[in-house]
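Could you put the whole structure together from the sequences, leaning on the hints where they help?
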Amino acid sequence: VAPRAEEEDTKVVSAEKLAEVFAAESAFALPSVTEMFEQVAILFAGI
Amino acid sequence: SNSLNLKAQKKAHSQSLLFEPLIAATQDFDTLYQICHEGFTELCRLDPRFAGFSASIFSEQSKLEDRTLLTEAQNKRLDSILESFLGLVGSRLPLKPALQAVEWVVRRFRVHEHNVNHFTVTFLPYHAHSIFPTVLSILPRDLPRTLKFLYPYIQSLSCPPRHAVVYSAAHNQGFFAFFCGYVLKVSRLGLQYPALLSFWASITTEATGLMLDQARSGRREAQVQYQADVIMRVMPILNDGLSLGGIADLRVGCYMILTILSSKATLSNDALASMMDAVVLGWDETSHTGLICLAVMAQKKQPTILSASVYKALINLKDLKDKLSVLRRQYRVDKLTLGIVLGMIDELHKSATGKVKGKLTRNSNSDFVDQICTLFEADLLTRPSVVEAIDRMSSLTVEEAQTHSVPKVVSDIIIRLAASENVGETVRETVRRLNSTHEGLLQGSQALEIALRPSQDVDD
Numbered sequence: 001v002a003p004r005a006e007e008e009d010t011k012v013v014s015a016e017k018l019a020e021v022f023a024a025e026s027a028f029a030l031p032s033v034t035e036m037f038e039q040v041a042i043l044f045a046g047i
Numbered sequence: 001s002n003s004l005n006l007k008a009q010k011k012a013h014s015q016s017l018l019f020e021p022l023i024a025a026t027q028d029f030d031t032l033y034q035i036c037h038e039g040f041t042e043l044c045r046l047d048p049r050f051a052g053f054s055a056s057i058f059s060e061q062s063k064l065e066d067r068t069l070l071t072e073a074q075n076k077r078l079d080s081i082l083e084s085f086l087g088l089v090g091s092r093l094p095l096k097p098a099l100q101a102v103e104w105v106v107r108r109f110r111v112h113e114h115n116v117n118h119f120t121v122t123f124l125p126y127h128a129h130s131i132f133p134t135v136l137s138i139l140p141r142d143l144p145r146t147l148k149f150l151y152p153y154i155q156s157l158s159c160p161p162r163h164a165v166v167y168s169a170a171h172n173q174g175f176f177a178f179f180c181g182y183v184l185k186v187s188r189l190g191l192q193y194p195a196l197l198s199f200w201a202s203i204t205t206e207a208t209g210l211m212l213d214q215a216r217s218g219r220r221e222a223q224v225q226y227q228a229d230v231i232m233r234v235m236p237i238l239n240d241g242l243s244l245g246g247i248a249d250l251r252v253g254c255y256m257i258l259t260i261l262s263s264k265a266t267l268s269n270d271a272l273a274s275m276m277d278a279v280v281l282g283w284d285e286t287s288h289t290g291l292i293c294l295a296v297m298a299q300k301k302q303p304t305i306l307s308a309s310v311y312k313a314l315i316n317l318k319d320l321k322d323k324l325s326v327l328r329r330q331y332r333v334d335k336l337t338l339g340i341v342l343g344m345i346d347e348l349h350k351s352a353t354g355k356v357k358g359k360l361t362r363n364s365n366s367d368f369v370d371q372i373c374t375l376f377e378a379d380l381l382t383r384p385s386v387v388e389a390i391d392r393m394s395s396l397t398v399e400e401a402q403t404h405s406v407p408k409v410v411s412d413i414i415i416r417l418a419a420s421e422n423v424g425e426t427v428r429e430t431v432r433r434l435n436s437t438h439e440g441l442l443q444g445s446q447a448l449e450i451a452l453r454p455s456q457d458v459d460d
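As you go down the protein sequences, you meet chains V and A in turn.
Just so we're aligned: 10 in our numbering is position 10 of the first sequence, and the numbers increase by one with no gaps anywhere.
Just so we're aligned: 259 in our numbering is position 259 of the second sequence, and the numbers increase by one with no gaps anywhere.
By construction, these hints were calculated from the structure, which means they are not laboratory data.
Every residue gets a Cβ at the ideal spot worked out from N, C-alpha and C, and that includes glycine.
Just to be clear, a hint being listed does not mean it is correct.
Each computed DSSO-like pair below joins lysine-lysine, with the alpha-carbon atoms no more than 30 Å apart [stated by the list, open to error]:
1) A:K312 <-> V:K11
2) A:K323 <-> V:K17
3) A:K300 <-> A:K323
4) V:K11 <-> A:K96
5) A:K323 <-> A:K185
6) A:K10 <-> V:K17
7) A:K350 <-> A:K318
8) V:K11 <-> A:K321
9) A:K185 <-> A:K63
10) A:K96 <-> A:K63
11) A:K96 <-> A:K76
12) A:K148 <-> A:K96
13) A:K7 <-> A:K63
14) V:K17 <-> A:K148
15) A:K318 <-> A:K408
16) A:K10 <-> A:K148
17) A:K321 <-> A:K408
18) A:K408 <-> A:K300
19) V:K11 <-> A:K323
20) A:K312 <-> A:K350
21) A:K321 <-> A:K350
Covered stretches of chain A (chain V as the covering partner; in silico rule of three or more C-beta atoms under 8 Å from a C-beta of chain V) [said to hold, decoys possible]:
22) 124-133
23) 176-188
24) 204-216
25) 251-263
26) 409-418
Below, the structure written as structure tokens:
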């Protein structure tokens, strides 16, 4: 049985991709810490 | 030299957040106090915590306080008060009353010189705000190395972009340490505000990612050393941050940095286990994000055995299976689920074979069997994870086969899973394969033997 796509190792995420999560001009325009965390976790361990 | 000294004093006195230098130079402290105290009074109306400063840095007497005439101990105490004030006023800086009040500590106590790191970092979340170039304009020429990244922006009196702050956090260890220390200190005093924590968490996460990316270049030995340095730099901050109770955003910020560390660094199992322990310690209101963080870290852990404290924290979560099922829609949770299942199997097995004091009651045994089977059947585990869990159950059974028949609870689980639509085939195949190498596996369990027959045999 072939492994499901999600059975691959943790993804390699570039600095540019990570920076996109925090792409706001001002600290006051950033999403909440929880929202940012969830997006970062999706980058590294998302389905 | 007296005239030079006077000239320097006049120039220093003309540095202001509110007034043009020519106007500022002509103002005496009585006039200034009146203007600045108005702002302070307004701040006290907005937040009663400001009132604590009315007897010290905003007292009438403060008009006469010249810090160059204070002793070292008096200056130290003054620093502490000023830094607390800056921490509290940080969230209000876009308001005019806040700037009026800060103007007083600039003009009277020269906070932008004597407390330059603290002063500048207090304004840093406002790096894109129109006030920031004014802040830069009053900073001393001999900036500490911590803030050297601001030089080009001081020259042009322009706002530093976000990536300049990130780059500095990644490459200037002094700045990284001070910035993180500042946020932890402000949080310890209960003076944190959402934008500061969002800003800190985002900058620190991105900077940690850059540091770890950089650690991948160069010779192998150098890479290992550099990565260890990065971990040594970041871990004490995370330990401090996670130990501060009641500040959910700070905690989630630490989870975000842990996610980067565990995903980009090559961590030992012991290091991963310690980090996972830190996540669950006092995670009450952050257990949702904590669960995601554990799921990310568990993907990197080999083998997926959870520590006793992580296992206990997870088992005690209400509706654990439902929570994992919700996360499963967006994140990989297979390794974390496997860790939980393996922990449950071990606990159940120890209980069933009398290896732990205080056996589970028959009722709780059957509840436990039900919980384990539910996790298997909820489509949370990948096929290799199912195989690994069955393997673990079987190996425990084989260990016991010398002296006991197959523990009934283990056979109960296998019988139920063998009939499951989701995992039945994998379970039957795995146990049949294992039975061919371990003859004692099915000993004494006719029901188990029947359950493991291929489905057409059962139909016949």
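Checked hints:
At most 30 Å may separate the alpha-carbon atoms for a hinted pair to count; A:K312 and V:K11 meet this at roughly 29 Å. With a C-alpha separation of about 28 Å, the suggested pair A:K323 and V:K17 falls inside the 30 Å cut-off, and the hint holds. At roughly 21 Å between alpha-carbon atoms, A:K300 and A:K323 fall within 30 Å of each other, so this suggested pair holds. Between the alpha carbons of V:K11 and A:K96 the distance comes to roughly 47 Å, so the proposed pair goes past 30 Å and is violated.
Of the pairs offered as hints, the one joining A:K323 and A:K185 is violated, with about 34 Å between alpha carbons and a cut-off of 30 Å exceeded. Distance check on the hinted pair: A:K10 and V:K17 sit about 50 Å apart at the alpha-carbon level, beyond 30 Å; violated. Under the criterion of a C-alpha separation no larger than 30 Å, the hint pairing A:K350 with A:K318 is consistent with the structure, at around 24 Å. Taking the CA atoms of V:K11 and A:K321, the gap is about 25 Å. The hint holds against a cut of 30 Å.
Using a Cα cut-off of 30 Å, the hinted pair A:K185 and A:K63 holds, with the two alpha carbons roughly 28 Å apart. With a C-alpha separation of about 21 Å, the suggested pairing of A:K96 with A:K63 holds against the 30 Å cut-off. The suggested pairing of A:K96 with A:K76 holds, with an alpha-carbon distance near 29 Å, which does not exceed 30 Å. For the proposed pair A:K148 and A:K96, the alpha carbon gap of about 29 Å is at most 30 Å, so the pair holds.
Proximity of A:K7 to A:K63 is assessed by CA-CA distance (about 21 Å); at most 30 Å being required, the pair is judged to hold. With a CA separation close to 27 Å, the supplied pair V:K17 and A:K148 stays within the 30 Å bound. Of the supplied pair hints, the one linking A:K318 and A:K408 holds, its CA atoms being roughly 27 Å apart against a limit of 30 Å. Proximity of A:K10 to A:K148 is assessed by CA-CA distance (about 26 Å); at most 30 Å being required, the pair is judged to hold.
Between A:K321 and A:K408 the CA atoms are separated by roughly 24 Å; this keeps the pair inside 30 Å, and the hint holds. Under the criterion of a C-alpha separation no larger than 30 Å, the hint pairing A:K408 with A:K300 is inconsistent with the structure, at around 34 Å. At most 30 Å may separate the alpha-carbon atoms for a hinted pair to count; V:K11 and A:K323 meet this at roughly 23 Å. For the proposed pair A:K312 and A:K350, the alpha carbon gap of about 16 Å is at most 30 Å, so the pair holds.
Taking the CA atoms of A:K321 and A:K350, the gap is near 23 Å; set against the 30 Å cutoff, the hint holds. With a cut-off of 8 Å between beta carbons, the region 124-133 of chain A has 5 residues touching chain V; three or more are needed, and the interface restraint holds. Coverage of the region 176-188 of chain A by chain V is violated. Counting CB-CB distances below 8 Å, 0 residues qualify, and the rule asks for three or more. Coverage of the region 204-216 of chain A by chain V holds [criterion: at least 3 residues with CB-CB distance below 8 Å; count 5].
With 7 residues having a Cβ less than 8 Å from any Cβ of chain V, the region 251-263 of chain A passes the three-residue criterion, so the hint holds. Proximity of the region 409-418 of chain A to chain V, defined as three or more residues with a beta carbon under 8 Å from a beta carbon of that chain, is not established by the 0 residues found.
In terms of the numbered hints stated before, the structure departs from hints 4, 5, 6, 18, 23, 26, listed from lowest to highest.
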